[in-house]
Amino acid sequence: MSGYGIEDLVYILPIVFLLVWALVLVLVEAFTKRPDVTMLLAAFGLLAAVTLSVIQFGTEATAFKEMLTVDGYAVFVYMLVLASGLLSLGLAYDYNRRMGWARGEYYILMLFSIAGAMLMASAANLIVVFLALELLSIPLYVMAAFVPNDASSEEAGLKYFLLGAFAGGFVLYGVALIYGATGATNLMDVVAAALGTNSPVMLLTGAALILVGLGFKVALVPFHMWTPDVYQGAPTPVTAYMAVVAKAGGFAALFRVFIAAFPSVSADLTPVIATLVVLTLVVGNVAALAQKNIKRMLAYSSISHAGFLMMAFVTYGSALYADAVTSLLFYLLAFTVTSFGSWAVVIALEKAEGKGLDFEDYAGLGKKYPMLSAAMLVFLLSFAGVPPTLGFAGKFFLFRTVLEAGYAWLAIVGVIMSLVSAFYYLRVVRFMYFEQGDPEVRSEPVLNLVTAITVVGTIFLFLFSGPLLAWASEAVLALI
Amino acid sequence: MVPIEYYVALSAILFMIGTMGVLTRRNAIIIFMSIELMLNAANLLFVAFARMYEALSGQIFVFFVMTVAAAEVAVGLALIVAVFRTKHSINIDEASTLKG
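Chains A and B, in that order, are what the protein sequence lines are.
For the first sequence, this note's numbering gives the first residue as 1, with consecutive numbering after it.
For the second sequence, this note's numbering gives the first residue as 481, with consecutive numbering after it.
A few chain B residues facing chain A, derived, Cβ under 10 Å: (1) Leu517; (2) Arg565; (3) Lys567.
No wet-lab data here; the hints were simulated from the structure.
Each residue gets a CB set at the ideal place from its N, CA and C atoms; glycine is no exception.
With the hints as extra help, turn the sequences into a complete structure.
In structure tokens, the structure reads:
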């Protein structure tokens, strides 16, 4: 086969469409300067990309000379990040207007970054992993610094940029070392060459550097220092977006790369990964206990959820990794729905100049706005892993896989840390229901819609955990 | 011909200098330059290995990396200018509005 054909483009049509659509929107925004119009068109583009992804169910193909893979796993992540995109458009729409900096570029940057996350899930070549990571990250740096003349937003953007680019350097150097050890960057060729490599140290170092770089992106301890600052300083809808999509993209690439290319070094890496998981769970949850600002609390909570997600990873060299990836995808779904819901409530209470974000501001919410605080209660219970919520199902499947793989001690650490996490989630509940206060919430239709969808999703999808898990498991089968 | 080990050693030294620069320097521009040094250390590796394997792919990757680096410069310098306008300083120790 020589050259690329039109079929290569057809295989990755959702991504191609999204990128072309984003470029068209750049022009539309430049000539109309109507943020509302750009936002609606961006939502339309996301819906169209969802449709194109649905059509791709069952496709299994590689495109562009095995640079990209389209399979059930990739399509699952496509759906997840596209849905996240739609939810975060909903979060941003009212918020940006309320704060007085509605700009169409915001939605366009988001489309680019979603295309990057989708490419990460499809990447079958290490150099594509790096390029997709940058396509995911560079628009995010701008989005984090989006508030004009605001010191904390700009500072968040700069910090995120410097540490993100630093992490990108690690990933790239890792890729270069693996290229040196195996003579290839294509995952299939790497795994073949890795078995007979005469420089296992170089291969192992390369794999470890990629782990470090992507660990920065998904906020694993000890590479998490940027997370609380960036999550607090960035505009809240951007925080909600990056908490989910940067994690989904990072984990999607991490799993595909390590399962496809580095099974030969799993014995060396598994203890490292287990250590990272324990550190992330402990530091994330214990630091969250001390927080008074809800954005920082949710930042540490998202670090701890990265730890839970990473738990699935300890089994990657064993025969059970298919189950592990299934429970990872399911947990990712649970985290996505719950996380967007909780951020929607945070946005409903937030006021200009970073006010309305302390726990005290939630006092009395239960009496004055029973619906909103009931929604927040559902999300916090789901985060803590209490039934009947999606978060419980996610943790249940994850711990079961870890137990089956023979890491009983890790599952126990997970359960203990879930209990610790209940402390700080329930602190917010205590403020909402048992403290006196007079919170002010503006009712905004799109925001309310997002809250309603995520509440229904958190409970309703729990009832359908079985079919969802089956779907995730089918998606994973393609990976093997 | 220069043996491959020399290139790997030079590249490792450059990468280390870059990493240390990011971790120890306090000026945002210098940190950014250190990151660029890390990327170029990787570029050197790609080119050296491409020569060793007599394959073109490694040299092509360098072009991709340079493109990404250019995109990062565009965004990074814009962010640094924005921060400088607001705070009149690009020392990252003074960037401490956010803490808890």
